[in-house]
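Asker: Sequence:
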Amino acid sequence: MWSLRVTPIVGLPTYVEWSQAATFPLPSGKFVILLSVRGDSAAVFGQSILSELETLTPSTAQELHIFLTDLLEKSTEQAISVACLLQDGEKMSLGAVRANILLHRDSSTGRVLPNSDEVSLRFGKSKEDDVYILLNEHGEQFVPAIEQRFSQGLVAEAVATSLVSAVQSNTDKSGSAAIALVEVSSQATKEVAIVVDQTVPVEVEPEVSEVGPEVNNDQQQSAPDSVFRKFMGTSKYAGTQLWLLLRSFRFKQNTVYVRSTYSQWRRKVALLVATIVVLMLIIIGARWRYNMLQTTAKQEVAPLEERLGVARTTVAEDPIAARREAAQIVAELDVLANTKGKERFVGGIYTTALRSAQETLTSISGKVAVEELPVFYDLRLAQSEFVTSFSHFTNGKGVFIDAEKKHAIVLQLATKQITQFSLADITQVQASAASDDTLYLLGDGLWEIELNSEESPKQIKEVGDSNRAGTLLGSFGVYRYVLNPEKRNVFRYTQSAESVSDPIGWIIDPLSVSYEDITSLSIDGDIWFGTSAGEILRYASGRKQSFAVSGQEEAFANSLLLTTSADDKNLYVLDTDKQRLVILSKDGVFLREVRSPSIATVTSFFVDEVNGAAYLTSGSTVYMIALER
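Note that the numbering used here has the sequence shown beginning at 2, numbered continuously upward.
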């Protein structure tokens, strides 16, 4: 094992600057530190660090790194410069913070650890006569002098002696300047335990049992030769010692135990290798089990995910079957998640699959909840205190009518340009309809307004028994339809360029509800009726057609407003009591539903299916709902 000789050169301390070199013994070496502190109470702080080292000295490279890191964190109010050397047998660990470490080996001197604000470490083996030079950051100025002295062939002690006066005479920075020269020399030591049992004689030669690497024969001798040399050294007792030596061969063999750091190192390495092998086997086994459990869980979930993908792709063709299948998959995954969702390693697979299936079911269920509908337009910008009674859609225009104030506003939906019409010529506006850029009004007969002109309303049919008590008005092509509860019929008028024909009763099959319960009608060639009890009736050529809603979880039970047209693929139903807008196919299949508290106060609506938007009016506010195309 190497022996270290430390020669410190430390400048004169002050209240704010302090430096010191210290050596601490270790079981298999030494720990050398060169510490410099600058700041208030520098000496107090430095001495506290050395006191801590007396009780807890780093003995491994890892502990050295921890010590330097902790020291760097502690020194928030002081500036430190520290260089360390840790000897463990022939191995050296070097560490520094804001310091330099040089190595003089043979005839060369070089820097092995440069100055850095961070913790720096380096490891290696030493040779005999190596000299480590530890310098704090202000000792850097003496590097050229040190290199020159070594190049002149001076030994470490002579180099140190030549630098003392230079360090202490450097008055401007001497308070924190510090250098330590650490010389490495050989130390041939062994721990030998000789056990001699002289009670049991045996007829064998002495045997030497050695643990560790081979050693020099000059340093290790057999027991007989060692005893012989020892006792024959004095001629006075030569004969006696020779007799005792020969007699010793009759007793039990002497065993010499040579313990070395090498044998300890071999045992540590063997233990480390065995530990690593055991850990690797444990890791491999755990990984194999993990993969097996993962594979089993994924195989169990995969068929359900495949079925879910099919449901997702077929929802447009058969939404009812797709939603029913998705709901069944969610139920099956829910059972798996409840039974296996908390298992280690695989529980996440089941819960993730369930969450994905629930999201898919929500997305294809057609149900959307909106906290507050976006406002598209405020009609008070065009007419103050405007309150919408009826609204219609025709050729990209929204038509809004205030029956009480007898005023109509036409809004270009794309540009939000406004055109207004006065309805003062009509005594009472009972109902309205719009088609082909024309607004039709019921009240004191039938009236029309060409929306692309600025002309006043024109009466096209005088008041009569067929329209006097009319409550709803519809328009399709050249036909105008008036629902008259008193006459219990829907009257159809045919309009030509010159006149409007006399009305004819259109209903052939009697309505299954009272005419007073009809709350809305819409025409796409057939006439669709909405009732106050939540029924939807469909009539074609005056005869009732079969129609039923399917795939809807919550059936209609309240007053309904309907809208559709010959160009629309779907039927749109407004259920204000349930605060929802429902989209149905014309075969009655539930497609989509939008719920919002804003719908509760809506009184009329229309749909621009081409541009995928529904417009709902509440007072003067026009809301818009984006529809899936």
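For the record, the hints were derived by calculation from the structure and aren't laboratory data.
A portion of the hints provided could be inaccurate.
As the list claims (entries may be wrong) - Straight-line distance between alpha carbons at most 25 Å, and here's what the computed DMTMM-like set of lysine to aspartate or glutamate pairs gives:
#1 Lys368 x Glu301
#2 Lys407 x Glu344
#3 Lys92 x Glu55
#4 Lys459 x Glu499
Unchecked claim - Derived CB-CB ranges, DEER-like:
#5 Ile509 x Ser454: 35 to 43 Å
#6 Pro486 x Gln546: 15 to 23 Å
#7 Glu499 x Thr602: 39 to 47 Å
On a predicted model such as this, the values are computed, not experimentally measured, just so you know.
C-beta: ideal position from N, C-alpha, C; glycine also.
Asker: A range of 39 to 47 Å was offered for this pair. Does it hold for the Cβ distance of Glu499 and Thr602?
Answerer: Holds, since Glu499 and Thr602 (Cβ atoms, about 44 Å apart) stay within the stated range.
Asker: For the range 15 to 23 Å, tell me whether the beta carbons of Pro486 and Gln546 fit it or not.
Answerer: 22 Å, holds
Asker: Holds or violated: 35 to 43 Å for the Cβ distance of Ile509 and Ser454?
Answerer: For Ser454 against Ile509, whose Cβ atoms are near 38 Å apart, the range 35 to 43 Å holds.
Asker: Could you grab the alpha-carbon distance between Lys368 and Glu301 and see if it respects the 25 Å cut-off?
Answerer: 30 Å, violated
Asker: For Lys459 and Glu499, compute the direct alpha-carbon distance and say whether it is at most 25 Å.
Answerer: Distance ~13 Å between Lys459 and Glu499 Cα, so the pair holds.
Asker: For a C-alpha distance cap of 25 Å, please report whether Lys407 and Glu344 respect it.
Answerer: Roughly 70 Å separates the two Cα atoms, so the pair is violated.
Asker: Can you confirm whether the C-alpha distance between Lys92 and Glu55 stays at or below 25 Å?
Answerer: 22 Å, holds
Of the numbered hints given earlier, the model fails hints 1, 2; all others are met.
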